[in-house]
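Read off the chains here:
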Amino acid sequence: METQEPPQVQPARRRVVEILLGGGLLASIVSFLYPVLRYLVPPPVPDLGGDEVVACKTGELKSNGSKIFRFGNRPALLLLTAEGEYRALSATCTHLSCTVQYRNDLHQIWCACHNGMYDLNGRNIAGPPPRPLEVFQVHVRGDEVVVSRKRGA
Amino acid sequence: MRLLKHVHNWLDERFDWAELTAPLRKKSVPVHGLSYWYFLGGITLFLFGVQICTGILLLLYYRPSASEAFESVQYIMTRVQFGWLVRSIHSWAANLMIFTAFAHMFSVLFLRAYRKPRELTWVTGMILLFLAMGFGFSGYLLPWNTLAFFATKVGTDIAGQLPVAGKWVMIFLRGGEEVTGATLTRFFGFHVAVLPGITTVLVLVHVLLVQKFGISVPPGVEERWKGAPEQAREMKFFPSFFLRELMAWYIALAVLGALAAVSPWGLGTKADPFAAAPVGIKPEWYFLFMFQSLKLIPAKVWFVDGELLGILVFGVAGLLWLLLPFFDGCKGGRGRRLIMGAGMFALGFIVAMTIYGYVAK
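First to last, the sequence lines map onto chains A and B.
Heads up, the first sequence is in this note's numbering, so the first residue is 1 and it goes up one at a time.
Heads up, the second sequence is in this note's numbering, so the first residue is 1 and it goes up one at a time.
Some, not all, of what chain B presents toward chain A, calculated at C-beta under 7 Å: (1) Leu-57; (2) Arg-79; (3) Val-80; (4) Gln-81; (5) Leu-85; (6) Val-86.
Pair ranges (Cβ atoms, derived): (7) Ala-342(B) with Arg-38(A): 48 to 54 Å; (8) Ala-22(B) with Cys-113(A): 54 to 60 Å; (9) Asp-143(A) with Ala-276(B): 43 to 49 Å; (10) Ser-97(A) with Phe-274(B): 42 to 48 Å; (11) Arg-38(A) with Arg-334(B): 58 to 64 Å; (12) Ser-67(B) with Thr-81(A): 39 to 45 Å; (13) Gly-24(A) with Cys-330(B): 49 to 55 Å; (14) Ile-68(A) with Lys-282(B): 50 to 56 Å; (15) Leu-96(A) with Thr-78(B): 29 to 35 Å; (16) His-8(B) with Gly-24(A): 21 to 27 Å; (17) Val-16(A) with Asp-16(B): 34 to 40 Å.
Sample of chain B residues with no beta-carbon within 10 Å of chain A, all distances over it, derived: (18) Leu-3; (19) Leu-4; (20) Phe-172; (21) Gly-335; (22) Gly-348.
Keep in mind that the hints were calculated from the coordinates and are not lab data.
Cβ atoms here follow ideal geometry from the backbone N, Cα and C, with glycine treated the same way.
Work out the full structure: start from the sequences and follow the hints.
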């Protein structure tokens, strides 16, 4: 049997063909990868909760008690101080995003993951947290405790 | 370029690259007027690759439960960037792959490439075709829309008509007595784990067998070449045939991209298990010829159930088709003529019944 050998081509013409083929191949690879890379990035999740949420009914929390509630897509912490004042803060630790809790024995906010401590104003006072917790506004409207984002925050 | 050479040398020192790639360099493809049919297997393999890639991408957002499946596909198609394209390509490539697999099967049949020593290549190929249809059937349900729901109900019900094991098979497929979320979870498992696993192994065996026996020359051409050996032509598989195959893949990709972009795959409405079946319910086109034939068989043939008779006939036909090369050698030329006749009949029957299924009310 005979084998068909590719005919000898002049180097300059071969170079042009190589550039055309290589360029075409590269362009198609880019055109496959671009949609795939865009596809891999998940679409942003809308903040469903809006800027205001009913955290609980008045009387639900005992003095020096607390509750974690849903604020948009993230957990938030509502607490009733011994003085009878409501405080609401983001419950996401600024260190590595664990959910913090209110320690009614210490009167402080504590993150169990790496022993981070915040005071009731959200200031980071001990442990690894680098920033204070975001503080929200609390209003009592009728028998509902309403938490909202501070304006301009 | 120097880096490539360096990598090549590194590999060569350790694995004897030249010896490893020797079979590839030795491999050749016969050149004759019917050589174009050799591309079909490669195109099917390419489309299978497209299915793996787009399937993995869909898995990133898809949720396999009755309450979330439809919404997650809707989310992929409307919210995820290029999600409509990925899903559309997955659906279109599935259909094209079944089509090219059927075309590959018939080309192998009519060019008699299944004959000794390639019987097992045919058998593995036929099993792969059945698996591809299994992929189609299981994947069809995953978006959990009305059409898919009822197609699955009918399809699994047909399996339930089988004698002896029918009921058991139906319950196994459905994950219960009825088509429910349990069926969806099961089909999802078949579609993304069981079938891909078996298929990958079989594709490897199939390709290795092709490699082992080389590419078949059609008997007519072989005869001619025997009489005049100077007319025999072949080309190197690598790079000559491989580059041509790549071009064929490019064309397949262009067709696929055009179909997916111009005619994106629809989603339909969410399945409601307690709603009546919609009018004109039909399976995917590659099941249509069987669906239509079953519809034509009367309820009772002599004393046998019509449905059951239809299923048995298709079952036996499928089994004979699988074992087809083994009849080629029997009784001189009679077996061969029988196979060619059966091939013509099957092709005509499938085409006619599919068209009839489309136009029939």
